[in-house]
Amino acid sequence: MGTVAVQGLRKSFGKVQALDGVTLDVPDGSFFVVLGPSGAGKTTTLRAIAGLEKLDAGSVHLDGRDATGDAPAERDLAMVFQSYALYPRLTAYENIASPLRARRCSSSEIAAAVERMSSLLHIERLLQRRPAQMSGGEMQRVALARALVRRPRAFLMDEPLTNLDLKLRVEMRTELTRIHRSLGATFIYVTNDQVEALSMADRVAVLKDGKVQQVGTPAEVYERPANQWVAGFVGSPQISLLPCHAEGDRLVGAEGWTLPRPRWSTAEDGRPLVLGLRAEDLSVEQRGDASLPGELYGLEPLGDRTVVDVQVGTEILKVKARPTFTGTPGERLHVTVDLDRAHLFDAGTGLALSEAGR
Amino acid sequence: MAVSVDEAVSTGPGRDHTPPARRSGGRGRSVLEVALLAVLAVVMLFPALWMIETSIKENRDVYAIPAKFFDFTVTLEHFKDVFVASGGRSALSVSFLNSVVVAGVSTALATVLGVPAAWAYSRFSVKAKKDQLFFILSTRFMPPVVVVIPIFLMYRQVGLIDSKLGLILIYAAFNVPFTIWMMKGFVDEVPAEYEDAAMLDGYTRLQAFWRYTLPLLLPGIAATAVFALIFSWNEFVFAIFLTSSDTVRTAPPAIAGLIGGTTVDWGLVAAASVVFALPVLVFAYLVRKHLVAGVTLGAVRR
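Quick mapping for you: the protein sequence lines, in order, are chains V and H. If you're matching positions, the first sequence starts at 1 in my numbering and goes up one per residue. If you're matching positions, the second sequence starts at 1 in my numbering and goes up one per residue.
One or more of the hints may lead you astray.
Computed cross-link-like contacts, DSS-like style, restricted to lysine-lysine with a CA-CA straight-line distance of at most 27 Å [claimed, not checked]:
1) Lys15/V x Lys164/H
2) Lys130/H x Lys54/V
3) Lys320/V x Lys15/V
4) Lys54/V x Lys127/H
5) Lys80/H x Lys15/V
6) Lys54/V x Lys208/V
7) Lys129/H x Lys54/V
8) Lys80/H x Lys68/H
9) Lys167/V x Lys320/V
10) Lys15/V x Lys211/V
11) Lys211/V x Lys54/V
12) Lys54/V x Lys15/V
13) Lys15/V x Lys68/H
14) Lys164/H x Lys80/H
Reference listing, derived: stretches of chain H covered by chain V, where coverage requires no fewer than 3 residues with Cβ under 8 Å from a Cβ of chain V [as the list claims (entries may be wrong)]:
15) 54-60
16) 185-199
None of these hints come from the bench; they were simulated from the model. Because the structure is a prediction, the values reported are computed rather than measured. The C-beta atom is built at its ideal place from N, Cα and C for all residues, glycine as well.
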């Protein structure tokens, strides 16, 4: 068992409201990612679950039992810290053994468990080293081993891959997913990297300014962002946002362009809207009448694709194109829009318009 | 102390230690600089040298005019007099022993009280923390001579006058604020995440402090304790006001008491002073690295 439920978490540090009513439900066995920019309250949420942070209000339930006032040791959780927090004077072996020693396991049990972990994470040769003698990636593995050596209720991970170089990060992403699948345990994973969130999570909670913006599967968060901010935060290259309003069966842009109005949109005429277009839903090949006239602004060849920056009025659209696409800046071109996949937001509230008809 | 604070708290592998830019000795120093430094060194060291010389001179050489710098007879008689008197131990040796007891116990007390307090101030959110810390520091603003009379009156009421316990308590009271302030700097340097990790491992907060933070603080504790020890060892004002009998008095008033009779045995005074200065020198030498670290720690931003 390993369900974690937090309800209405509030916490302020001085004048900063770090958590402003955070409510999350983490199902048993899920890989639950808390995603948000720095300062969104992700780490504070995790520390609140771990019992390291005293809350102003709210409750933490573990396996359905109220654990709000429990000490960290009583919660039966394991955590990987962003800084790894390996004990500097202890060898890797003793670091990994620490949770078992705290629970007074016999030394033969400890030896067996440490050996199992070190072979799982390929750190056998590190066991006698101290943290100062390890690289960042090695420390990361040892920190992971220290968390995994027990079978706690849930594993908490605070941006464990942030301090690794890109190649290692990609490797560890796969590895963590593999470990999660083989353990079937609950993972709560905090990150500011939306790629990590989309690639690893069963469920994603997007956090901003201490408030939950949206909770859903990675696909839901990507395909149907609850508001303009989530749309902008999730996805790379960033979604292009164009101010516009509806007029009859057309969408009219602030820059004067018009597009057919998406069938599903329900906004009344004249209400200020924001049209969100993802790079892969745009094309530099002209077809149909759903197109925007623009000027080539720049090219970002990325190997497998080229991101074309097209200036429409004063806005820059990011358009995904074939890697063979070439052009010269200033060249006039048309951007074709897949309106069925476009997003509309209320310009005032930022909330996504009802997509009931989609 | 095998591990310096720096090594102990560093988390990154092979962090770059760039040595502070320092001019290599001699080269690049102007003649004027050398001359000024030499004059300064002579001025600073002469009294110490003179003290050492006097302590090993025979009495007639001590009083010789003109003063004898080099051609005197060396004797260790004065040092013997420091410790042995006719018929047993000298009063001075008793006062040295008192100094050891008073300085040692008061330092131990200040450390035992001050280190956990510093940890608490560093780790927990305490109401009006800054004001509290300032209040603690402010107790050090007052020169001892300002409070010695009220303390004398209070001590007389509770019967602590002329007792080692009285001195121990007052020295501990003066050393606790110092210990808190200095140790807070050291505790701040140790990431709180070690304790967080230990608590998730299954330890209580106190166990986490004891097992994982305290060992990293040992160099800092040693440096702080040496400062406290030196303060208690050197303290004169309270000692002379609050104690009077030979069996209780510490070394500073006892040595001062040697001066002032009709004749002054300068050889004995010098020898006693040398003996008195030695432990401080030895301690300062042993922990010199940490003394500098302790003084500069809070100043460096990492």
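Okay, the hints, checked on the actual structure:
1. Lys15/V x Lys164/H: violated, 50 Å
2. Lys130/H x Lys54/V: Within the cut-off at roughly 20 Å; holds.
3. Lys320/V x Lys15/V: violated, 43 Å
4. Lys54/V x Lys127/H: holds, 15 Å
5. Lys80/H x Lys15/V: Outside the cut-off at roughly 68 Å; violated.
6. Lys54/V x Lys208/V: holds, 20 Å
7. Lys129/H x Lys54/V: holds, 17 Å
8. Lys80/H x Lys68/H: holds, 22 Å
9. Lys167/V x Lys320/V: Since the Cα atoms of Lys167/V and Lys320/V sit roughly 24 Å apart, the hinted pair holds (cutoff 27 Å).
10. Lys15/V x Lys211/V: Holds, at roughly 16 Å.
11. Lys211/V x Lys54/V: holds, 18 Å
12. Lys54/V x Lys15/V: The hint holds at about 16 Å.
13. Lys15/V x Lys68/H: At roughly 73 Å apart (the allowed maximum being 27 Å), Lys68/H and Lys15/V break the hint.
14. Lys164/H x Lys80/H: holds, 26 Å
15. 54-60: violated (count 0)
16. 185-199: Per the Cβ count (7), the hint holds.
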